[in-house]
Amino acid sequence: MNNSKSGYRTLKKNTIRLLTLIVLTQIFLSSIFLITNGYGDPIEIKVGFGDDPVIDGIVDGTTGEWDQAKKQKINLYPNITVPENGLEIDLWAIQEGLNLYILVRFDLQDHGSSEYDNEFIGILIADEDSNSDFTDAKIVQYSNISENIFQYLDYNINDTEYEEDIISNGAGAANLEENQITYEFSMPVKDTEDPLQDVYLNYIRSYDFKIVFGKKTALYPDGIMISNIVSIYLEFKPGGPEPSLGELIMTTSTIIIFSTIGALYIFYIYRITQLKKKIRRIRS
Amino acid sequence: MSKINKNSVKSQPTKKKEKLEEKFAYRSVILSAIFGGLFLAISILLNGEIISLFLADNPFLLALDVAIKVLVIIIFNILIMVSFGNYKELTGKPVDFKIIGLLFFFSLIQAFRNSLVFSFTLVSLLAIILYLYLVQES
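Residue numbers (our numbering), protein chains in the order written: chain A, 1 to 284; chain B, 285 to 422.
Because the hints were derived from the structure by calculation, they are not lab data.
Note that the structure is predicted; figures quoted are calculated from it, not measured.
For glycine and all other residues, C-beta sits at the position ideal for the given N, C-alpha and C.
Calculated cross-link-like contacts (lysine-lysine; reagent style DSS-like; alpha-carbon spacing at most 30 Å): (1) Lys70(A) <-> Lys215(A); (2) Lys301(B) <-> Lys277(A); (3) Lys278(A) <-> Lys303(B); (4) Lys278(A) <-> Lys300(B); (5) Lys278(A) <-> Lys307(B); (6) Lys307(B) <-> Lys277(A); (7) Lys46(A) <-> Lys190(A); (8) Lys372(B) <-> Lys277(A); (9) Lys377(B) <-> Lys276(A); (10) Lys278(A) <-> Lys382(B); (11) Lys276(A) <-> Lys372(B); (12) Lys276(A) <-> Lys307(B).
Label pairs and their in silico Cβ distance ranges: (13) Val407(B) <-> Ala263(A): 25 to 33 Å; (14) Glu177(A) <-> Leu348(B): 34 to 42 Å; (15) Thr252(A) <-> Val407(B): 23 to 31 Å.
Residues of chain B placed beyond 10 Å of chain A at every Cβ, according to the derived structure: (16) Ile335; (17) Phe381; (18) Lys382; (19) Phe402.
So that you can see chain A by itself, here it is in the shape it has in the complex:
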């Protein structure tokens, strides 16, 4: 009997040791996983659907616009590979109908001064699987920040040359309030009128977006001072596409596997309820 009691204690002690070991292993493995994914890879955002915001550079809290947006804080760096001296920005994204909406917001000191008269935020878009080869640019360019005079520009990028699109797609606006500036963009998804000069955005795919900022000159890419790359996954519109065969097999397998385990667990619980009777039977 003493042996049995010490057996339970040993089991308890061993369980604690084992749990500690598992937790430590998990932390170790997760750390390795973080390292392999941490460097050089773009930040990833999965965008869902919501109400369309008005592109005016103002986040109207009364209408709840941008409330359903995917919100992320990212940093723009002078050199993306050396993440130092970053400017923290709010990056929001939402889909509605056949449009993708992106908001960029940040604070700078003396933001209304003439120093920022040539400020711009650009969103460069890379084709799917193009390994960050940005060929499309949507830019909101200020010419006088204190009077809130800006222009929305749609360019296509030919090597490093920025050429204005014949047909401008999408929209952009900005608004400065004290030191905080808000840039809003909208761009068509699966509906561009200019597939040659614009990146054709499609559902259920990821695209690399490069957020660029400059304030010295209204020239690109010379005026770009800081930037960062974000990978945005565009979801299918509500209602969703027809589930694929693979998805159907996966769902069926999930139901079969978990219901089998659940049934076995219930059977085991039933066996436990019969345990006392079984012990009595063994003793007699």
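Dock chain B against chain A, hints included.
Same frame as chain A, now just chain B:
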């Protein structure tokens, strides 16, 4: 006469102890099974992808998501193993490798939807089996 009396006096606390330990083991069977069931329910929700803990595709959150899913399966495995071990002890039989193998399979299969969760669970479960084997040997 006196000999019989002496024996019966000696066996009284031993019997009481035996009953107490049996009670403890029975409670352990039930509690471990209930908590195991709780972790199975969490595993169904997370590993069955009925609910998602994190929506952002941030590498840290992704790693945390994987770690939580793996931990839930491992804790389920350990709790059910403890419960089953005590169950078998109460019925006077040892836990054989067939049972351990079945539990290993039913734990691992919970992670079939995600290759990362699957591989980490496999490594962790193998570590548990190895640990139990080494403890058994010593």
